[in-house]
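**Student:** Chain residues, written in single-letter form:
2 protein chains.
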Amino acid sequence: MASTADRTSARRPGGRTARVRAQILAATVELVARDGIAGFRYEEVAELAGVHKTSVYRNWPDREELVVEALLQYVDDLGAVADTGELRRDLVDFLMTIAESLGKPTVRALELATQATHDSPAVRRAATRILEGRAAAMRRRVDLAIDRGELPPVDYSLLGEMISGPVHLIVNRGLRPFTRADAERIVDVVLAGIRATTPHT
Amino acid sequence: MASTADRTSARRPGGRTARVRAQILAATVELVARDGIAGFRYEEVAELAGVHKTSVYRNWPDREELVVEALLQYVDDLGAVADTGELRRDLVDFLMTIAESLGKPTVRALELATQATHDSPAVRRAATRILEGRAAAMRRRVDLAIDRGELPPVDYSLLGEMISGPVHLIVNRGLRPFTRADAERIVDVVLAGIRATTPHT
Numbered sequence: 001m002a003s004t005a006d007r008t009s010a011r012r013p014g015g016r017t018a019r020v021r022a023q024i025l026a027a028t029v030e031l032v033a034r035d036g037i038a039g040f041r042y043e044e045v046a047e048l049a050g051v052h053k054t055s056v057y058r059n060w061p062d063r064e065e066l067v068v069e070a071l072l073q074y075v076d077d078l079g080a081v082a083d084t085g086e087l088r089r090d091l092v093d094f095l096m097t098i099a100e101s102l103g104k105p106t107v108r109a110l111e112l113a114t115q116a117t118h119d120s121p122a123v124r125r126a127a128t129r130i131l132e133g134r135a136a137a138m139r140r141r142v143d144l145a146i147d148r149g150e151l152p153p154v155d156y157s158l159l160g161e162m163i164s165g166p167v168h169l170i171v172n173r174g175l176r177p178f179t180r181a182d183a184e185r186i187v188d189v190v191l192a193g194i195r196a197t198t199p200h201t
Numbered sequence: 001m002a003s004t005a006d007r008t009s010a011r012r013p014g015g016r017t018a019r020v021r022a023q024i025l026a027a028t029v030e031l032v033a034r035d036g037i038a039g040f041r042y043e044e045v046a047e048l049a050g051v052h053k054t055s056v057y058r059n060w061p062d063r064e065e066l067v068v069e070a071l072l073q074y075v076d077d078l079g080a081v082a083d084t085g086e087l088r089r090d091l092v093d094f095l096m097t098i099a100e101s102l103g104k105p106t107v108r109a110l111e112l113a114t115q116a117t118h119d120s121p122a123v124r125r126a127a128t129r130i131l132e133g134r135a136a137a138m139r140r141r142v143d144l145a146i147d148r149g150e151l152p153p154v155d156y157s158l159l160g161e162m163i164s165g166p167v168h169l170i171v172n173r174g175l176r177p178f179t180r181a182d183a184e185r186i187v188d189v190v191l192a193g194i195r196a197t198t199p200h201t
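Sequence order for the protein chains is Y and B.
Using the UniProt record's numbering, the letters of the first sequence correspond one by one to residues 1 to 201.
Using the UniProt record's numbering, the letters of the second sequence correspond one by one to residues 1 to 201.
Just chain Y, with the same shape it has in the complex:
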């Protein structure tokens, strides 16, 4: 069990403990990607991270908490929507970022693990937080567009699902590459559809 002092130093950025924790999380991502959430072993995490097994157990006595913290590391990558002032371009860029990210073996495997483990409360929490991070970024960008009168008031999470759903489908199937033309067509149809179906207030 970790003492309060351990916990404090563990959170101090740049410290040795922080470095060990980062190594353990990176190793966990890699192993979950390879073997799934149920498949990876603490021994392997320690070996890959180059730390002693007790470091893994001491920092994460709970296996699911380790998985969740490892998964949440990649939230930042997916959570950003730029504001260039042009909504269409920013959403197209957002879709291209998602497509690129989904093409990475690690992220793809994590996606699969998340889908495969509906039953785990910890993983469900992680998935919720990942989606909330993305949804918050979408919301900020969409709110700006609404403020500027580019878009009527809209359910931003459905907007997010409508533009990112087809990207996931196309990339996850692996049947054809996802192109910028796809992203543009999707964003154009969804934005035009929302403008045409949302009542003006």
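Sample of chain B residues with no beta-carbon within 12 Å of chain Y, all distances over it, derived: (1) Ala18; (2) Glu30; (3) Ser55; (4) Thr84; (5) Glu86.
So the derived list for chain Y, only partly shown, Cβ under 7 Å to chain B, looks like this: (6) Glu161; (7) Gly165; (8) Pro166; (9) His168; (10) Asp188; (11) Val189; (12) Val190; (13) Ala192; (14) Gly193; (15) Ala196; (16) Thr197.
No wet-lab data here; the hints were simulated from the structure.
Glycine included, C-beta positions come from ideal geometry on N, C-alpha and C.
Here the structure of chain Y is known, so what remains is to put chain B in place on it, guided by the hints.
**Tutor:** Relative to the frame of chain Y, chain B by itself:
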């Protein structure tokens, strides 16, 4: 190796061989759903199907062919789009059918297996055929709508991806139930968006 006579009788519906084959395929679906494409064993298929192991090997000497034929069994379920004369209603029903199907543990596991196995040519072929079955059903229904002037000429596969992508995302995440209101909103936005962005000829 199967003789020509065997192959012929195997395809005669209602025959004993056909029954054995159907049992083997059903058992394969169940085991692939549980253990993944790489995980299931011929011994287990035979045991679950209540047949001798040699029946499995004789009918499907190639493991991937067995998986593919088992996967393709569920194409029919997903490949139908009704024609009630009202395009919106038919597409909404189509999305509800997909959502219901994706909620089944077997289909969900098969989806995961398909996504996880981009590298297998046989599985890729099966996935292509499944999608082509669905796309063909969409195309027939959309062609009718275009003929009737309900819709401008449209890339029906992108239309299919745009309406079914969000369903997959929502159901596969398992974060919230997919409702008929979701299906209606998605179909309304996509149809309105296509009408607004497709040049009239």
